[in-house]
Each structure stands twice: as C-alpha cells, then as structure tokens.
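J.: What follows is each chain in one-letter form.
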Amino acid sequence: MKKVLVLGATSAIAQATVRLLAARGASLYLVARHSERLEAVAQDARTRGAARVEAEALDLDDFAQHESLVERATAALGGLDGALLAHGVLGDQERAQRSYGETEKVLRTNFLSAVSLLTPLANRFEAQRAGTLVVISSVAGDRGRQSNYVYGASKGALSVFLQGLRNRLAPAGVAVVTVKPGFVDTPMTAAVKKNALFASPEAVARGILRAVDAGQDEVYLPDFWRPIMFLIRSIPERVFKRLKL
Amino acid sequence: MAMEPKSWGRYPRVSGQKAHPVTWTSEPLPMPPEGGSLLPHGLGRSYGDSCLNEGGSLLTTERLDHFLGFDPATGVLRCESGVTLDGILRLVTNQGWFLPATPGTKFVTVGGAIANDVHGKNHVRVGTFGRHLRRFELVRSDGSRRVCSPEENRDWFEATIGGLGLTGLITWAELQLRRVSNPYMHQETIAFSNLEGFLKLTRESLQDFEYTVAWVDSLARGRHLGRGLFHRANHAPPQFSSRAPSPPRLSGLAVPFDFPGLALNRVSVAAFNALHYRMRNQGLMHYEPYFFPLDSVHHWNRIYGSQGFVQFQCVVPPGDVGVAALKEILDRSAHSGMPSFLTVLKTYGDVPSPGWMSFPKAGYSLALDFANRGERTYQLVDELDRLTREVGGRVYPAKDSRMSPESFAAYFPERERFAQYVDPAFSSSFWRRVRGAG
Ligand SMILES: Cc1cc2nc3c(=O)[nH]c(=O)nc-3n(C[C@H](O)[C@H](O)[C@H](O)COP(=O)(O)OP(=O)(O)OC[C@H]3O[C@@H](n4cnc5c(N)ncnc54)[C@H](O)[C@@H]3O)c2cc1C
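Chains V and Z supply the protein sequences, listed in that same order. Going by full-length UniProt numbering, the first residue of the first sequence is number 1, and it counts up by one from there. Going by full-length UniProt numbering, the first residue of the second sequence is number 1, and it counts up by one from there.
Don't read these hints as lab results, they were simulated from the structure. Since the model is a prediction, treat every value here as computed from it, not as a measurement. Just to be clear, a hint being listed does not mean it is correct.
[Said to hold, decoys possible] Computed cross-link-like contacts, DSS-like style, restricted to lysine-lysine with a CA-CA straight-line distance of at most 25 Å:
#1 Z/Lys-18 - V/Lys-194
#2 Z/Lys-18 - V/Lys-193
#3 V/Lys-180 - V/Lys-193
#4 V/Lys-241 - V/Lys-180
#5 V/Lys-194 - V/Lys-180
#6 V/Lys-180 - V/Lys-105
#7 Z/Lys-6 - Z/Lys-200
#8 Z/Lys-327 - Z/Lys-361
#9 Z/Lys-6 - V/Lys-194
#10 V/Lys-193 - Z/Lys-6
#11 Z/Lys-200 - Z/Lys-327
#12 V/Lys-180 - V/Lys-244
Produce the entire structure from the sequences given, and follow the hints as far as they go.
T.: Structure below.
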C-alpha cells in the first residue's frame, strides 16, 4: 500500500497504522470529522516521513459525499492502491434497546457507511485490477451477545459483506482484509476497566500491516482471539442463550 | 478510572488518584472535582512525589504524542508534550540531529523534561533542557492558552521551565536540536582511587570531552572514599559514520515482579557490575547503551522490592566547601549500614537556565539510591538534606520525597515569585508537602 485513503484517521487504531505507513514513506489521504485533531494526525504523519499527506475534514455519516471523496483522494494522491476503513462507534446497547434510533445510528455508521464507501472503492480497484481494502470489523461480530448485540450485528454484517466482496474481487487481484480486534485500549473504551485481554493500538496496527504484507484475508488481533472466538462460536445456541455474556 | 499510584521510586505511595487522559491539544482541561486538584503526569520517571497528586486528578499525556513538524535543515522540532525523548531520538538521529540535553533515561516526556528542566552529562557545556526550548503552549484551568517563549509571555516561560507541572498543562513545545554526524559515541572509562582523583580527571577532561560522569563505589571508606569509574565521551566524528558498530538489539529484559528484600544485595550489585563491565572498554559505542544503560532492563526499579527506594540527589558548590560536603555525604552513607547501590557524581557548570525553579547550579552533583528501609532510611536522607542546606547546595525535586519546607525555602529563592504563577486548580503531593500544607 503506497497511496492510501484512511477513513476515521483520528481513531487510535488508524493513527497507529498511519504512523507505520508514514514511516514506510506512503502517501496518505486522511479523513476524519474534527479538523483540529485531523491536522495533528496529518502533521505527525508528515514529520514521520510520509511522502505526501492530504487531509479532509468530513463527517462520514454524510453518504452523499462518499463517491466524490474517493475521487478527490485518488486525484490528490495521483492514484490509490489502498484504503483503511477505521471509523466506527461503540454505541450504547441499553439506549439501543429502548429506541430504534440509537440502533439505526450504530448500523449507519458501522455498516452502511462502510458499504457506501466500499462500493466506489471496490469498483475502482476492480477496474485497475490492484489494490488492498483493509476494514476494521470486530470479534463482537462473530456472535451476538446480550451485552452488545447491536454493535455486534453492525460488525457481523460488515464481516459478511467483506466475505462476499473478497470472493468477488479475488479474480481481479484485489485484496480484502477483515481485521477483527478484540478489546483495544483506546479513548473509545476509556470507561471500561482494563484487563489482560486489552491490546494497545500500536500492537493492533503492527498486526494489520503484517496481515496486509502476508496477504491474509481475515485476521484476529491479537491472534489469541481466533481460538477464543472459535470456542464461543461452537457453543450450541441452546446453551448459549442461557449464558450471561 | 482509578489508577496505580506511580512514581519511579515507588515511595511515597499515595492513594485516590484519578487519571484523566488528555488526547488532543485542543481539548479543554477538565475541571477538578470538589476539593481535588489537577497535575500533569508524563511517564512517572520522577522518583518521589512531585509527579503524584494524592486524592486528585492526573492529566496523563501518553496519547498527547504527535509530532507537529521537524525541519532537518535547521534542527527545529515541534511536538506535543507527551512525545518521549526516545521517540524524538528515533526520528532525528538518522537525519543527523540529537537532543542537546538528555537525562539518564529516554523514557521521559517532553512535558516532564520541561517541568523538571532536566539535564545530562554535558551540563557544563550546554546547560539544561530549558535552554534549548524555543516555545511552548501553556493551557490553564481558566481556559486561557499562551504561547510562551523568551520573547512572548516571558514570565510564564520562565516560571514553567522547572515549574514542576504547577503552572498549567504544556500541550506542545518547540525545541532546537543539535547536530551530530552519526548515532555513535566515542567514550573512555578511567578508574580513580578517591575524590581527589575524580577532581583531577574532571579538570583534565572538561576541555576535550562534552560528556563526563562518574560512578562511585559507595562501600569504599577511608583512603578509598569516593573511588570509582570516570566516563568521558564525545559524539563520534564523521569518519566513524561508516565503520560504526551496529546498534544494540533490544534486550527485551524486564524485571517481571517485585524482588523479595533478601535478593536485593546480590541481584542489584550483580546487575550493576554487569552494566559497568560493558562500559569499561574504550571506543565506539551506539548512543543508546551510552546514554541509557539502565533502560535496557525494563522496570529495574522493581529490584528494590515493593517498599521501593529513595533517591537523594543534591548539588553542592564547587571548591573546597563542596568537596568537603561530598566527603561527608559519602562517609555518612558508607557508615549507615544502608549503602547506596547506584551512586553517580557529575559536574555542573554555570550556564544559566531560564527557569526560576531550575535545579542545577555550578558545582558537583551526587545522586544516591537507598532501598527503602523505613525510618532509618528517612533519617539518613534527612541528614543528607541538612548537610546540603548547610553548604548552600540544593536538592533535586524530581528525585525527592523527603525535603522539608525549610529546605525547600532555602533551595529555591524564587519560590514566592513562582507561587504567583501556580494555577489555582493545580497541585501535587510534593507541593503541598514543601509548602507545609499537609
Ligand atoms: C533512570 C533515570 C535516570 C534519570 N536521570 C536523570 C538525569 O540524568 N537528569 C535529570 O535531570 N533527570 C533525570 N531523571 C529524572 C527524570 O528525567 C525526570 O523526573 C523527568 O521529569 C521525568 O519525566 P516524565 O515524563 O516521566 O514526567 P513525570 O515524572 O510524570 O512528571 C514530572 C513533572 O513534570 C510535570 N509534567 C509532565 N508533563 C507535563 C506537561 N505536559 N505539562 C506540564 N507539566 C508536565 C509533572 O506534573 C511533574 O511535575 C532520571 C530518571 C530516571 C528514572
């Protein structure tokens, strides 16, 4: 990935990944909502050696902008061969249970906006027969649990969408990498009590680039989540529905 | 989120601190809860209680870590205050630049380096960290933001350098780096048999060597009082750039848990000799093991066990008065039955710092590490504090957990002027202690 569009560039995982890409001398088009924060991330990437950094402040819930955004990024970098989708919200499960409005917000940001962005990106990469799409999903999408199934559903839907996209784009030589982090120590989880399962954004970022370099399709980060999720998926529904998870 | 109280010496332990991570420079400061106060907190590499705030909030800066610009033509670097010296060195050494002043660990933040106005083994030549600061931004609890420099808001600039985190939060800073030809050091180590030997080597070395520091054998007494090893070094000249040694592999060593008190002697002394053994050979060396030998073992402070340890670092005046005081301090320590395991002797010059509360001044600086053995240790340290005060020396707040309000007043003549610049919402355990307020 040499010319990369980064969506949700101020998120902790995106920032850590941007730093690694910058150190490799990549060109970056960074998108996030807060312009001051975005500027700090862009300056940081420039200082760390990115060949070129463009930044655009944009609310990605504004779907009407998505197609033109991909065009602007491509024009600004003189081509595009990678995209990292890292924007997302945790939402509030309790509030979502009370009102569909909250549920819809989570689904819009985590699932629909990704689909809306991946559509023009996939078409462009398919046509140029090259490129890598890296999308942050979550282990929470592997099985619905009472404590966060709205968030889980948004990520589960995303993971399935990516499977299909990967299947479609494989003949064109376009890679689709589904990233499934577990708990990550970020401002998004600031209120959560930390335990040994928490990983740093830096470790997750290193794992992302390792997966991209190795041509992996789907990666659990840290990788101990793969067996854990295998076990969790294997519990029969009859038993699972009685568990307090 | 409640967090483990942490300072490097792990004494004193304080409770009830809340961490408030600061992630963006543009964020407003949180207001302290009723009866509480705020204190910026970097990587907690201060030994005592100057980076602690019992019952209050800590503004942690780990995520305030963006570089904001670096000009490889001029060596001017701008970064947020949570950027570490390690991060800076990794960015700039390969581009021919280096930090002008570095402490003995690279795991400190720029904000922490400013607030303690840290110094290195080249104080005689370049003075403190604060000398090389061009500007920084200071955010106060009233929401005000000031860019401070020798030209703009000069009083705030001078109050904040060495200002112990009490004048507000530094969000970003701009530093002037210094040129180097490569990441290597040319160093030599010479043994000396007593303090006179140290003084002689110092006189001989200061002209030709930028960096000088000595390790002292704190167990030696009598004729051998003050014997040790003298290290002197310069940045390697350009001709070494190509045939230089390869950079060290990260050891990945870490002390995984607190050592039981019994293991202390053998373990620490052995670890220590190993470190010094490495430094014995003369010649070319990568900058990392040269500047930061202790950093290769993570959490080495755990070697002192869960009671932690107390460091005492003072500076005493140059000349006979200072030398007599050094002897007295070494002698008391050697006879105390609680010898210091890591004793470091440095020379400071008279390059002034802009900071009113900056610690270094011309003379000799001695740092001693004592395992925390309770009252006996405190009594010894209190006595060393008194000796320092009597000769017109000064104790380093970054290393202190014991100095009395009287000593503080004697050491820092500008404290009342400084106190007017302290943010009303900010405080620290250290500040309350040395102001005699609990
Ligand atoms: C092994 C070792 C060797 C050392 N060697 C030396 C040495 O050679 N020379 C030397 O001078 N020191 C030395 N020190 C001490 C160390 O350099 C200082 O204590 C340094 O200030 C620690 O920085 P920190 O980022 O960990 O800050 P902390 O210890 O967390 O905080 C230090 C002070 O800085 C303030 N602060 C932190 N961030 C900000 C901010 N953004 N805005 C305003 N205030 C802030 C805090 O409130 C506190 O008062 C050494 C320490 C160790 C552990």
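J.: Against the 25 Å threshold, does the CA-CA distance of Z/Lys-200 and Z/Lys-327 hold or violate the hint?
T.: Judged against 25 Å, a Cα distance of about 16 Å means the pair holds.
J.: Given the hint that V/Lys-194 pairs with V/Lys-180, test it: the Cα-Cα distance must not exceed 25 Å.
T.: It holds: about 19 Å lies between the C-alpha atoms, which stays within 25 Å.
J.: Under the criterion that the straight-line Cα-Cα distance not exceed 25 Å, is the pair V/Lys-180, V/Lys-244 satisfied?
T.: 22 Å, holds
J.: Do the alpha carbons of Z/Lys-18 and V/Lys-193 lie within 25 Å of each other, as the hint requires?
T.: Given that 25 Å is the threshold and the Cα spacing comes to 13 Å, the pair holds.
J.: So if I understand the rule, the pair passes when the alpha-carbon distance is 25 Å or less; does Z/Lys-18 with V/Lys-194 pass?
T.: At roughly 15 Å apart (the allowed maximum being 25 Å), V/Lys-194 and Z/Lys-18 satisfy the hint.
J.: Holds or violated: Z/Lys-6 with Z/Lys-200, Cα cutoff 25 Å?
T.: 40 Å, violated
J.: Hey, V/Lys-180 versus V/Lys-105, does the alpha-carbon distance stay inside 25 Å?
T.: Cα-Cα ~21 Å, so holds.
J.: Check whether the Cα positions of V/Lys-241 and V/Lys-180 lie no farther apart than 25 Å.
T.: Given that 25 Å is the threshold and the Cα spacing comes to 23 Å, the pair holds.
J.: Can the restraint linking V/Lys-180 and V/Lys-193 be considered satisfied, given a maximum Cα separation of 25 Å?
T.: Holds. V/Lys-180 to V/Lys-193 sits at ~20 Å (cutoff 25 Å).
J.: Is V/Lys-193 within 25 Å of Z/Lys-6, Cα to Cα?
T.: The given pair, whose Cα atoms are some 18 Å apart, holds under the 25 Å limit.
J.: Holds or violated: Z/Lys-6 with V/Lys-194, Cα cutoff 25 Å?
T.: Holds - the C-alpha atoms of V/Lys-194 and Z/Lys-6 are around 17 Å apart, at most 25 Å.
J.: Do the alpha carbons of Z/Lys-327 and Z/Lys-361 lie within 25 Å of each other, as the hint requires?
T.: 19 Å, holds
Violated hint for the displayed structure: number 7, the only one.
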